[in-house]
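Visitor: Single-letter residue listing:
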Amino acid sequence: MPLLSILIWLPIAAAIVLAFFPKTAVTAIKGWGLFSSAAVFVISLGLLRGWDDARAGFQFVERKAWIPQWGINYALGIDGISLWLVLLTTFLTPIIFLSAWNAIHKHPKEYVISFLIMETAMIGAFIATDLILFYVFFELMLLPMYLVIGVWGGANRIYAAIKFFLFTIAGSLLMLLGIIYLGFQSYHQTGIPTFDITQLYGTHLPAYAQMLLFFAFSLAFAIKVPLFPLHTWLPDAHVEAPTGGSIILAGVMLKMGTYGFLRFVLPFFPESSVKYAPLMITLSVIGIIYGALVAWVQPDMKKLVAYSSVSHLGFCVLGIFAMNETAITGSILQMVNHGISTGALFLLVGVVYERRHTRLLADYGGLGRAMPVYATFFVIAVLSSVGLPGLNGFVGEFLILAGSFKAAPTATVIAATGVILAAIYLLWLVQKVFFGPVTNEENRNVPDIAWNEIAAMVPLVILMVWIGVHPGTFLRKMEPSVKHLLTTIQRTDGKIMVASSAGFQPAVSRASSPRRQDAGATAGKMPALQVAHGVILSREDGEGSSGVPPEKILRSAQDDTAAEVSR
Amino acid sequence: MIQPLLEPGWQWAILPEIILCGGGMLLILFDAFLPRAKSALAPLALLVFIATSWAENLFIQGGTFFGGTYEISGITMIFDLTFLLAGMLALLFARDYLDREGIEGGEFYALLMWGTVGMMMMAKGLDLLIVVLGLEILSICIFVLVGYHRRLPVSNEASLKYFLMGAFATGFILYGTALFYGATQSTNITAMGQWFASGGQATPLLTVAFVLLMSGFGFKLALAPFHPWAPDVYQGAPTPVAGWLSVAPKAATLIALVRLFDAMDPVLPKVNWMTMVAALSILSMVIGNLVAIVQRDLKRMLAYSGIAHVGYMMIAMLTLREDSVAAVAVYTITYALMNIGAFGVVSLLVKNQNDPQTLDDIAGMGFRRKFYAFALALCMFSLAGLPPTAGFISKFYIFRTAIESGHTIVALIGILTSIVSVYYYLRVVYYLYMKEPAEGHEVMQAGGVFAAGALTIAIAGILAIGLYPTPLFQAAGTAARVLLQQ
Amino acid sequence: MIPTHYFLILSAILFTIGVVGVLTRKNGITIFMSIELMVNAVNLTFLAYARQFHQVHGVIFVFFIMAIAAAEAAVGLAIFITLFHHRDTIDVDEANLMHW
Amino acid sequence: MEFAIFFFFAAVAVIFSLVVVLHRNPVVGALSLVAAFFALAVMYVLLEAPFLAALQVIVYAGAIMVLFLFVIMLLNLQHMTEPVTRPLQQFLGYTAGGAFGLGLIYYLLKYGVFEKLPDGPFHASARVIGKAMFEAYVFPFEMVSILLLAAIVGALFMSGRSYKREAAR
Amino acid sequence: MLNSLWLIPIIPFAGFLLNGLIGKRAGKTFVTAVAILASLGAAVAGTIAVVEYNAHYHHGERHIDFVYQWFNVGGAPNGAGGIGADISFQLDPLSIVMLMVVTWIGFLIHLYSVGYMHDDEGYWRYFAYLNLFLSAMLILILGSSYLFMFVGWEGVGLCSYLLIGFYYQTDYAPPAGKKAFVVNRIGDFGFLIAMFLMFAYIGSVDFAEVSQTAARGGVPPEILTAIGLLLFLGAAGKSAQIPLHVWLPDAMAGPTPVSALIHAATMVTAGVYMVARSNVLYRLSPNAMMVVALIGAVTALFAATIGLRQFDIKKVLAYSTVSQLGFMFIGVGVGAFSAGVFHLVTHAFFKACLFLGSGSVIHAMSGEQDIRRMGGLRSKIPITFWTFLIATIAIAGFPPLAGFFSKDEILASAWSTPYFPGVGKFIYILGTLAAFCTAFYMYRLVYMTFYGDFRGTHEQEHHLHESPATMTVPLIILAALSVVGGLLGLPHVIGHNFLAEWLHPAIPEVAGAHREIHIDSNVEWLVMGISTLIALAGWFVAMRLYRTRGLASDEKFEQRSPAVARAIENKWYVDELYGATVAGPLESLSRFFWRGVDAVIDGIAALLGYVVRAFGDIMRFFQTGNVRNYALMFFLGVVVFMVFFA
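Residue numbers (my numbering), protein chains in the order written: chain A, 1 to 567; chain B, 568 to 1053; chain C, 1054 to 1153; chain D, 1154 to 1322; chain E, 1323 to 1968.
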């Protein structure tokens, strides 16, 4: 059974069916949206049933010729990297419909349709294993989002929508050029035209071209993430978008960027990735701190959460460019976490916005008395976003930081201060909204959270706790794919090992060459491994680092320090 | 004794032309003798067009006729079908438009058909004589069609402008042809090709000839800097005509150019002619997109975007390869669908054409005239080159060929300018869906069945090509191969 | 027998004069006459080459060009008449309803 | 002898065409254009194309120019004079035109000169032309009919009778 | 029980869930029952576990109860060297001590709260939080690895946040809670980095593995020092040591029992526990130890000085807590880990007693906390008075009460620490001064509160009443404990130091490091003598100043040296300093980022747009609408191309 195709096309089909509903039958429309998206979610759970934990490569693979002339296929596949993102997508969509049950009064039909189309696009982008197919979905998701922001958005929605669209399209069009060039290169080397990701891996590119392509791709994804200097579209888009739009935008769409880095940038351009990892890491660290600081002084709840997204996704990018298993696994998990917790936060902000039609912190205060249940949910969401152990946020952040600490200690230490800042701005938010005496009379008797909103929140909270308490469920399925990814990067060049263990002399120096080989499979985690065994080693065969010629250690040490300096 | 130089099967070869010519005359007579039965004209015309397309498919095996001056091949068939498609769409939109404006007449459809004949001649002519002749037939028809709405000063003014510029440009084309004739001792494209192939030298004089020729064709293509007529003419012309005008003649000129460039192929490495073409394309992309941004009149905006699109097509012409020819073919078909579609929706605006049809006229239509708005939006997305529309596929094709033949810089400029273009295409969507219309300002009316049908065709085509272009690619690819081999 | 390029140069001159006429005159009909002049210059070139190459082709071409010119004249003049109906002048500078 | 004729009529053609371009009165322009066409006809004769010369006189000088004059009279523009406006346009027109012409002549002299003239006379007589017309060029010849038909229909339509009625609507 | 240690934290957690979910509707009795049972259950289960432990192990081995693998990423197939931790609980002498203290005192305070919080609308919420705290604390002390410990570590932080902000509708409580959480976060930052270092250089965060690897010399010394310092940063955050002490005084905004449980007896001592837990690392890097000890000493004195002049009864106790925590850190810092833990225990007794007592006072004074409005309560609330007095004597360090022995052992070890003898002496002096201050301000508190005549309003006086049994019973128990608690660790010159012996296995033999501080008897006697005198002196001075004169002497002091007085009242302006140096600049920086940098970025984007538009407008200008101009453009194009290309 072509599960993935079903996943892609079911929402579209539902949307088409919906197009024939009478626009007056609002309840029917919403119900249909909810039902169909829920159905998609249930079906997507089938992925877990048929999942093979051991397989590193793509599973549920489908492949049909689409444009054979150019070797473009309708090729679908899913692996540990994309699995949870897909599930996140299918999981969030029904929640959106649920949360927006009473929120959307204007053109509900078109609203639901656009979200269904968006779901298709997002799932497609995650499971497309053909570069062009990916691009098609990648762009396709812009249109509905543009409409969602522009039609159902707030006061300044037009500006936000166009800004969002132009920023994104600017990046992705340049990426398109890069894609074409990449396919052209591989065509000239292999003689077979193809845009199949796995076959494009290891396309050898001249250094200069690789650099250009790296930036072409990175720009597109960095805008999407968004990485520090390119982030300004995000707050506007979030503030103006309707609740559902914000949830999808933060929950899934931003992940396209990080996912793109993982799936394309790293394996396609390993050397450049290593070369410019310091740059990317620096940017992400700046983003972490910057986003947190700016979030702290926002007068608008949604803007605050939006900037917090900048900060959180900075962690993801940091983990990706640390390029070792721990960090990458962490950042994949963190993508999911961020989707859940920030999604929840946006949902909750939307809830209170529905009731009070303001998002300014100044207008709130003492809300906890009127809406205790709501407050509880909010605090839980905040805590998971702060990264409280036992909730989802912690595991991801911890893995990222611990992993990238090996690659870039200084950067990591700086990034870790983001953990403090997160506490500052999020608790500030909670305090401003819920605590303190009731200053504004309108807050005295706001109706508490409604059934549909509770129904939307409960699954989110359950997931938060689940990931926090037993992340193994999720990590186990990622691990092989991540290892595989790292070998893909590895295959091209050994430099990466050095780079990813930069600023880490003692560990490297304690490494004994045979271990370097077998552990070479997974780049970054080596040092830890060697430390772990280093001592035992030294007991077994006297001086453990006998295998390594000293000058090599020296060199690695040197360019490590170099990396440090450049950072 | 006179023996007309007629190869066997010639009557089949030019069957489409014959049908169209005859059809045109019949329609005129019909209108003349049964002035009451105007409503039957459009269906009849449609019938003629359909018959022609059917005739196209009748004649399978290609070949050259009339002493090697007239070629029938896959590519000509594709382009003929493009012309016919354009003609049909224009006709369908025109039906409602003319009916509304109360100026329906047999002449209109007749001229449409004869113009199509002219284009077919441009597409098939292997002799510059035929090409020029076709071009003239086309021009004559356009002069009249543009000025067809005689009551309107703008329409008349448009036809005046187009006429003067057109005649002017014709002068240059002719002069260029003459100079080529002087160099190659023939105006037959194949002969010219042989002359070039047999080491014919390209003197600067020939370059001048090329410049003159390009300027003339550039005029028809509305390539910058030969473009300035386009916005005015599109604005003034009856909207369906404008749509047709923005597509069909360009297609015809392109295929003629393809033949020429193909003939010149041997000499091109030695001369900088393609640099000029590149310059033209870059200029067009830049000027077209940048000026389109500041337009509020829909038709002018589309005109400028059209200029830009020709720029994109010229990218593919820079190096003539199977791919590029196929790309041009695909692009023209796509462009026909989306541009005529867009103009068609505009043609539904009930408004005195003397005043511009601005964005405000479509404000808030998104949720009133759902179908038309959706069609327009789709056309816009396609024009902007966003997947999953045909526009994306064809643009992708163009840039792919560009990169493969190493014109990365031009491609880059193309990409950058198309980023710019996204802005104004989206602005249309924004007016459609996100803006509330001014009170009592309801200019988009529910068009008749014809317009609806045309839009359906356009939408279907855009999506079909966008989602599954393979068959089209195959056809175009083989056709191009055939074209470039002989 | 007169060398061919004499004719070519003559036609070039005439063509240029025609072009200048188009560019500098406002009277639509004069402009059109200048265009006719250009076309005739082209004819001259064709004929010159035709004689040079001993080809009837060029001559035929000229013949067709004449037909084209005639057709253009017919339509063009009709257009001018309509223009005149609209605004009692054929000064093309007056035709400026549409710009920018 | 030939040369004398050539230069004389070349001068005539040039001068009269200059008059066309420069003289402010369209009627004068039209008439001088006729003169220029005559001169050209002579050139055709020199080029051994008597048939075309005849056509030139009949079609151009005859039909087309008469049409022009007719229109001019119809719209009685004969008294219309145009003041010189748009100096920049004028200036650019002349300079650019001059540059273009000079360049053209330069290139023609440099590359367009044929060393050897064709040996033997070349008679593009009516017979030759007619034969070619109906053998090799039958298709374009037929197409010309469509061209002319379109032109006629168009002309009729544009300046047609029903115009006023429509306008009335 | 041993193999289901996880039950111990789960029981109170269940209580939390029950109360949290249905407590509001279920009513007070239900809530009370659940809460009390939960805490009692935890205590009992813990005790059983301890008993079983004693039955199984005789040399203080480490018992591990592995539940499941939390996460472990990037390791070899066998998981070695991976980053992650197990959900597994451990039992060893150290955690047993903590376990007993936490569970039983926790239980007592639950009991007390029943009375204290009785007519609070947030009753259910309160007990839910309290249970949650209990379970988090238990995770903290039972966790078998730094990472799992960190879970409890943050958990208690959260609970303290929630409980400090318990009166969320006031305007002072929520900020205090936020402050507590954020400052703790700063500490946690250090903790995190320390763990990263462990993963990087040791490859594990399991207590045993870390200690063994370190002991094996598998870790470069500078790294050890770094780890030690970073861990101490965490500890300082949790245990309110300079410079992170600022949150604890504000934390008094919470209900008094909370202050007793969290901010005196258990949570704040977590830092001490962690340092003791990491004793191997510390003993291997004396520098880190010295820092710990010094900071402890400075904090002890500093806080004590502030305590000298506070008028909020709870604030006084808060500062004394900070100061006492300083003592504990001196202990663990100079290498006398058992001493530090010993003081931790005793302090838990008497400080809990003091806080509860103050709570009872406040209860009696119907919410009044300012000692300037109290006085003469001795007769009104005798039980409270006596228990309070006992605890005071204990904390002031009068022999033979608990405080005396623990503090004395610490000071003695400080004096004779082998790691940094010179500094040790200095620390001793600081500690002694702090001890003096402690004695002084504690007696001041007692005299101001219970002696003299009543200074409050009439209705307050009218309401005065002894607290209910649920409150007094815990007081009595704790008072008794603070009397006899000293017996746990008698100095060897007098008797037998049970605690030291008990903890001995938790402080393993490490090459090149001392296992315990050897104090020779003269020093022992000397120190004991001195501290006794100090305590007496403090009492004497306080009595002279406050017994009869009460408030007057404070005013006198204010008149004599107003600057100092105000400085002390304002806690030496530390908060203001932080505000000016950290918070303020940071905020303005953020505003600059937001208003400035973002604006610039947007500006650049907008600028591009404008440039494009401008170009458009310029080119559009050529579209004059005049056909001759078009012809000219056309022709110019031709000419230009001719010039260029021909």
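The reader is advised that the hints may include incorrect statements.
[To be verified] 16 Å max Cα-Cα, derived EDC-like pairs, lysine to aspartate or glutamate:
| id | chain 1 | residue 1 | chain 2 | residue 2 |
| --- | --- | --- | --- | --- |
| 1 | B | Lys1002 | B | Asp922 |
| 2 | A | Lys432 | E | Asp1634 |
| 3 | B | Lys918 | B | Glu971 |
| 4 | A | Lys477 | A | Asp53 |
| 5 | A | Lys106 | B | Glu1003 |
| 6 | B | Lys918 | B | Asp666 |
Hints were generated in silico from the structure; no laboratory data involved.
Visitor: Look at each hint and say if it fits the structure.
Guide: The hints, checked one at a time:
no.	hint	in the structure
1	B:Lys1002 <-> B:Asp922	violated, 21 Å
2	A:Lys432 <-> E:Asp1634	violated, 27 Å
3	B:Lys918 <-> B:Glu971	violated, 47 Å
4	A:Lys477 <-> A:Asp53	holds, 5 Å
5	A:Lys106 <-> B:Glu1003	holds, 13 Å
6	B:Lys918 <-> B:Asp666	holds, 14 Å
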